[in-house]
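Take a look at the letters that make up each chain.
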Amino acid sequence: MARAITTQKKIMWTVLSWGIGLLIFFPIMWTFLTSFKTEATAISDPPVWFFFDWTLENYAAVLERSNYPLALTNSIVIALGSTLLGILIAVPAAWAMAFVPGKRTKDVLLWMLSTKMLPAVGVLYPLVLIAKYFDIMDSRILLVMILMLINLPIIVWMLYTYFREIPGEILEAARMDGANLKNEIIYVLTPMALPGIASTILLNIILAWNEAFWTIILTTVNAAPLTKFIASFSAPEGLFYAKLSAASIMAIAPILIMGWFSQKQLVRGLTFGAVK
Amino acid sequence: MATEHSRSSARLMIAPAVFVLLVWMLVPLIMTLYFSFADYRPLRATFETWIGFDNYASFLTSSSFLSSIGTTLWMVGSILMITIVGGVLLALLLDRPMFGQGIVRILVIAPFFVMPTVSALVWKNMFFNVDNGLFSYLFKFFGAQPFDFLSQLPLFSIVVIVAWQWLPFATLILLTAVQSLSSEQLEAAEMDGAPALSRFWYIILPHLSRAITVVILIQTIFLLSIFAEIFVTTNGAFGTRTLTYLVYQRVLESQNIGLGSAGGIIAVILANIVAIFLMRIVGKNLDN
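Top line first, the protein sequences correspond to chains W and X. Going by this note's numbering, 114 is the number at position 123 of the first sequence; the sequence numbering is gapless. Count along the second sequence starting at 1, add 43, and that's the number in this note's numbering.
None of these hints come from the bench; they were simulated from the model. The structure displayed is predicted, hence computed values, not measured ones. Incorrect hints may have been included.
As the list claims (entries may be wrong) - Here are the simulated PhoX-like pairs of lysine-lysine, each with C-alpha atoms no more than 20 Å apart in a straight line:
| hint | chain 1 | residue 1 | chain 2 | residue 2 |
| --- | --- | --- | --- | --- |
| 1 | W | Lys94 | X | Lys327 |
| 2 | W | Lys107 | W | Lys97 |
| 3 | W | Lys97 | X | Lys183 |
| 4 | W | Lys107 | X | Lys183 |
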């Protein structure tokens, strides 16, 4: 009898959760469906759900717009570039703090975190000036550097929490066997740290891909990534829902898929170890 | 044991990260501080290096500052309310036994990965639009007048968009916290006949308090700098101009660098007040 009630309850919870889950997901679902409609069907009254002539013409139209491939390339270069550059700088730092902690390690970590909390508008004009001075406004290199800097604290923190889980004894054993620092890193640390590094890369690509302050303000055309490209749709020109949807789906699909794999890392990366 | 040698190489390994962050933080911030005491309006070719606290005085006493603070508080406050209350309920719900839990989790978490400009544009056009938005069809279906959300309730509309993006974040973190709650304690309380509401109030909520605090602090820091959602939907009009947006407009639209920089410094100070609390919690956790 008790078991029967449990199953009944389970079905109840299932229905309720799926209902709410689908409701939250609905805007994405609707965008997905709309991206396969013709512009006329996209605004038909009443709305049509599944039974329409599915078409790929919107995707073709968006791809033909001269600046879409450029925006996609920019997004990829900026997200990957800033993440990898950040990893390059952060791995040694996080390694040292995790395995050779000093008296000031905690202060350094907290100070790094505090730089993440600096409001962007507090440094807005100086950055515009600096960019103009070096003639790198609207360039990928500028955004790679800025996104690297705003995400560096998160990269260091995530790597630090992963590295701390690697038992120090292993490194000491390697040192006993005569491994120098370089060999220690290449042969001992790297294989054990790779999963953590991969997770960190994943989460930071997501964060960089979706960054929408600096990418909007500091780019015009040449370095404009997808965030900026999509924002250019904000002035509607006639019928455009279906094309907007197609462009949106192409902009979010890769990150959505990566995001689903990085749920756990998200908690670790964005709470700085304060929630476990 | 760390030797003197490994300690010095450790310092060397930390140095690049510290250096770039130090430069990143100090150089622009000092420049902003410098401009905030200057009368600097490039469009009028005005540059007077020292006018004292005039910019701060005029920024702080302007009606747009006060209304931007009000807007910011409303926006951040209501988004926090929605995401925390919704997040706790959703976390508890997702913790129940059910079929297809993994898929529901994926559905719920998805909005967090949608880039801000996409979510703002999708909501603006396909939901809020008075002629062709889904809400208008819904209203018409129930025999009500279609409603122009973005011009009638602009602040509310932006709150909806941003809350939709951040609810998954709150849910995910609170779910992690819920799952670390020992079921024995709850079962014992259930055996003793404690009703569900008091179990929630006396066991679950205290257990979640730390995670809730962390979510509030982290979200506040991110929400204080909401930009793209406002940029795409109202461009700061109709009473949706937050402090961040006001500073952006002063600096880049009206090109009053002095005034905008003073506003920027004020934003930095306000953000730091929140940051101090967050750092304390994170710092305590580092000791364990």
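Hint by hint, here is what the structure shows:
no.: 1; hint: W:Lys94 to X:Lys327; verdict: holds (15 Å)
no.: 2; hint: W:Lys107 to W:Lys97; verdict: holds (16 Å)
no.: 3; hint: W:Lys97 to X:Lys183; verdict: violated (59 Å)
no.: 4; hint: W:Lys107 to X:Lys183; verdict: violated (46 Å)
Comparing the model with each numbered hint stated earlier shows that hints 3 and 4 do not hold.
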